[in-house]
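Peer 1: For the protein sequence lines, the chains are A and B, in the order given.
Here the first sequence is numbered in our numbering, starting from 30 and rising by one per residue.
Here the second sequence is numbered in our numbering, starting from 28 and rising by one per residue.
It is worth saying that the hints were derived from the structure and are not from the lab.
From the three backbone atoms N, C-alpha and C, an ideal C-beta is built for every residue, glycine too.
Please note that a few of the clues may not be correct.
[To be verified] With a cut-off of at most 20 Å between alpha-carbon atoms, the simulated DMTMM-like pairs for lysine to aspartate or glutamate come out as follows:
hint, chain 1, residue 1, chain 2, residue 2
1, A, 131, A, 57
2, A, 38, B, 161
3, A, 41, B, 132
4, A, 38, A, 56
5, A, 38, B, 159
6, A, 41, B, 165
7, A, 38, A, 313
8, A, 131, A, 75
9, B, 231, B, 241
10, A, 41, B, 161
11, A, 38, B, 158
12, A, 41, A, 356
13, B, 238, B, 188
14, A, 41, B, 131
15, B, 58, B, 109
16, A, 41, B, 158
17, A, 41, B, 54
18, B, 272, B, 54
19, B, 231, B, 185
20, A, 131, A, 250
21, A, 131, A, 36
22, B, 238, B, 266
23, A, 38, A, 250
24, A, 41, A, 314
25, B, 231, B, 188
26, B, 238, B, 211
27, B, 58, B, 266
[As the list claims (entries may be wrong)] On the chain B side, residues computed to face chain A include the following (Cβ under 8 Å):
hint, residue
28, 79
29, 101
30, 158
31, 182
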Amino acid sequence: MTQQYADGKFGKYGGQYVPEALMPAIEELTDAYERYVLENEDGFMDEFRARLRDFGGRPTPTQHAERLSERYGRDVYLKREDLLHGGAHKLNNALGQVLLAKYMGKERIVAETGAGQHGTATAMAAAHLDMPCEIYMGERDINRQRPNVFRMRLNGSEVNPVTTGRGTLKEAISETMRDWATNVEDTHYVIGSVVGPHPFPAMVRDFQAVISEEARRQLREQTGGLPDSVLACAGGGSNTMGTFAHFVDDEDVGLYAVEAGGSTLEVDEEAGVAPNSASLSTGEEGVLHGARTKLLQDSDGQIMESHSVSSGLDYAGVGPELAQLVDEERVNAVNVDDDCALEAFHRLSQLEGVIPALETAHAFGYLEENYEDLGETVLVNVSGRGDKDLETVIEETENRDIEAAPSLAEFSGGI
Amino acid sequence: MADDLDAAFADGPAFVPYLAAGDPDYESSLKYVEALERGGADVIELGLPFSEPVAEGSTIQNAVVRALEGGMTPDRFFQFVDDLDVDVPLVCMTYYNLIFQYGDEPGPRPFVERAAELGLSGFVVPDLPAEEADPLRDACDEFGLDLVFIVAPTTRGERLDRIMSQVSGYVYVQARLGVTGAQDDVSGQTEESLERLADYDVPKAVGFGIKTGDHAERIVAAGADGIIVGSALVDIVAEGHETGKSADAVAARLEEKARELKDGALRGYEQRVPQAEGK
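With the sequences and hints as input, model every part of the structure.
Peer 2: Shown next, in the form of structure tokens:
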């Protein structure tokens with residue numbers, strides 16, 4: 030298990046760079062995190078685990094992927110977070126935080142969402158625990174992810190479009206922080222990744238760490254040992270940290286955070302655009318959304334517009350603990366581009382009968398290109414399922430020549 | 028610390044207007060800031076626009092977008108300060124990442140050094156709470172600049188003591204929870220906040236939501252040493268930009284609005300003076 034950092038710092042990263050109006054709420058949250066999550070006061074963690082089991086469907090399986098194993102000549106295992114309620118790992122964190130808000134006596138939930146996976150998970154958790162909930166989502170993402178918007182509404186949440194900037198995750202986080210600063214006394218902000226001010230990066234990691242806690246145990250039961258390599262896609266980094274947390278101390282296990290290389294790693298400084306979301310691979314140290322971390326920014330420190338074919342990875346920052354683990358060379362920051370991720374999407378769908386989220390597909394793209402370097406046993410986290418991405422996949426597949434893809438012509442223009 | 032901010036608060040209430048530098052373009056913005064001084068500004072908070080202004084409401088967010096599209100950068104900002112023809116103290120309001128990234132070494136020192144060379148008096152950094160402020164505080168001490176902190180309605184007890192032990196120049200009293208933006212009423216939290224701060228010997232400037240001379244009057248009458256007004260002035264810049272008014276017409280309107288706010292503050296102070304003499 031990774032360390033606890035009492036001062037909220039991971040090496041030089043982390044911290045609490047937020048407006049003063051939020052600081053008392055952050056102190057209150059830090060206290061609640063330490064008591065309920067770290068010390069299991071009032072049986073908080075017991076209730077959290079029971080709800081993850083009964084409502085969420087945990088544990089999720091660790092599955093031997095037979096055809097991928099055959100293809101790569103080594104044992105490939107899938108941690109099936111796509112089978113968690115809601116279809117992604119996001120519920121682990123959302124359920125934990127909404128439950129914590131209840132223990133703290135808060136009366137209202139706000140959250141940001143990029144792809145809509147965190148928004149839908151928070152909306153489900155809020156309905157399950159009877160809390161009113163408002164979700165902020167960039168207008169562009171709303172248009173890219175209609176089914177998820179609909180699901181949030183079905184669960185009784187309000188969805189507020191964010192029209193500033195390019196209308197993606199970065200703007201949605203800023204707008205949710207503004208709501209929290211206005212309603213801080215009765216509202217909890219359920220942040221969706223291991224980002225933001227302390228205690229969020231540590232707390233979200235702890236809620237997501239159930240992924241690696243289970244996977245490590247399940248793999249030992251099935252193989253008698255540990256994997257040689259563990260792969261997870263990385264945007265903000267919550268599934269990444271959840272998948273790595275219980276392997277960090279196993280020094281022989283290689284950890285690979287696979288970022289979105291987008292269309293290219295080249296940056297257009299003039300336009301303020303990085304056509305990728307590879308902040309661990311190419312970013313520079315800076316301060317954004319409450320934490321010091323690695324960022325996509327120009328030489329002045331203005332934050333760049335990021336890009337990825339998967340909106341869940343489309344963010345200019347990354348969790349501060351991951352930034353530190355990369356600097357320590359414990360985690361390998363790698364990336365694959367949009368084309369590679371789309372090919373991997375189709376390959377996993379055809380070979381294993383698992384339609385992955387486009388975010389997840391990046392990890393399988395890296396596996397395809399680098400399997401020879403990953404040892405005899407490889408664990409890949411299937412962070413989510415791909416139902417939400419079908420429209421994007423049709424559109425993006427039409428623009429490319431992908432060997433593994435079926436003909437999608439009859440679906441052109443929508444399903 | 029810097030004597031000029033102390034002096035600005037020494038005689039009567041200080042009127043502290045805010046504009047984003049370069050909104051909507053460099054040349055117009057110079058005229059707008061100079062108009063604020065003619066309208067009675069005692070200190071001017073000059074915004075260096077950052078792409079993620081998390082503490083700002085929509086009015087100032089839009090100003091930031093206009094200024095960035097107009098080409099404002101930290102280096103242009105320093106040029107802007109150099110080109111400005113004003114005598115009142117200038118305080119730079121920006122977010123920490125721009126201060127952190129400036130110059131050849133990481134950290135706030137090169138930015139503060141450059142600001143000192145150009146005669147800026149201090150900083151307000153909305154995303155830098157006291158916990159993270161030591162490096163900037165040290166650089167400000169080295170170069171003789173002030174570091175203004177924001178105190179929110181939620182700031183109490185030990186936190187308040189810690190902030191008040193680090194603040195210099197003036198303390199920015201956030202009149203209400205939430206983000207910046209002009210409001211139609213005076214927040215009831217203002218008086219409570221001023222009472223909490225009464226025993227600290229630092230000038231108290233109230234901001235967030237002040238829109239009219241009447242608001243200014245009531246806040247100064249309640250004990251504020253100064254008023255900070257941003258969005259109500261930025262609204263005039265935005266309206267002028269959208270309707271295609273000349274820069275001179277917008278500047279005249281800003282001067283008029285500044286005068287209204289300053290006069291309101293002076294009226295509020297007159298209501299208070301007998302009290303002050305009675306102490």
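Peer 1: All hints, please: hold or fail.
Peer 2: For each hint, the structure was consulted:
no. : hint             : result
1   : A:131 with A:57  : holds (13 Å)
2   : A:38 with B:161  : holds (15 Å)
3   : A:41 with B:132  : holds (15 Å)
4   : A:38 with A:56   : holds (15 Å)
5   : A:38 with B:159  : holds (11 Å)
6   : A:41 with B:165  : holds (18 Å)
7   : A:38 with A:313  : holds (17 Å)
8   : A:131 with A:75  : holds (15 Å)
9   : B:231 with B:241 : holds (19 Å)
10  : A:41 with B:161  : holds (14 Å)
11  : A:38 with B:158  : holds (12 Å)
12  : A:41 with A:356  : holds (10 Å)
13  : B:238 with B:188 : violated (30 Å)
14  : A:41 with B:131  : holds (18 Å)
15  : B:58 with B:109  : holds (14 Å)
16  : A:41 with B:158  : holds (14 Å)
17  : A:41 with B:54   : violated (40 Å)
18  : B:272 with B:54  : holds (14 Å)
19  : B:231 with B:185 : holds (19 Å)
20  : A:131 with A:250 : violated (36 Å)
21  : A:131 with A:36  : violated (25 Å)
22  : B:238 with B:266 : holds (15 Å)
23  : A:38 with A:250  : violated (35 Å)
24  : A:41 with A:314  : holds (9 Å)
25  : B:231 with B:188 : holds (15 Å)
26  : B:238 with B:211 : holds (7 Å)
27  : B:58 with B:266  : holds (16 Å)
28  : 79               : holds (5 Å)
29  : 101              : holds (5 Å)
30  : 158              : holds (6 Å)
31  : 182              : holds (6 Å)
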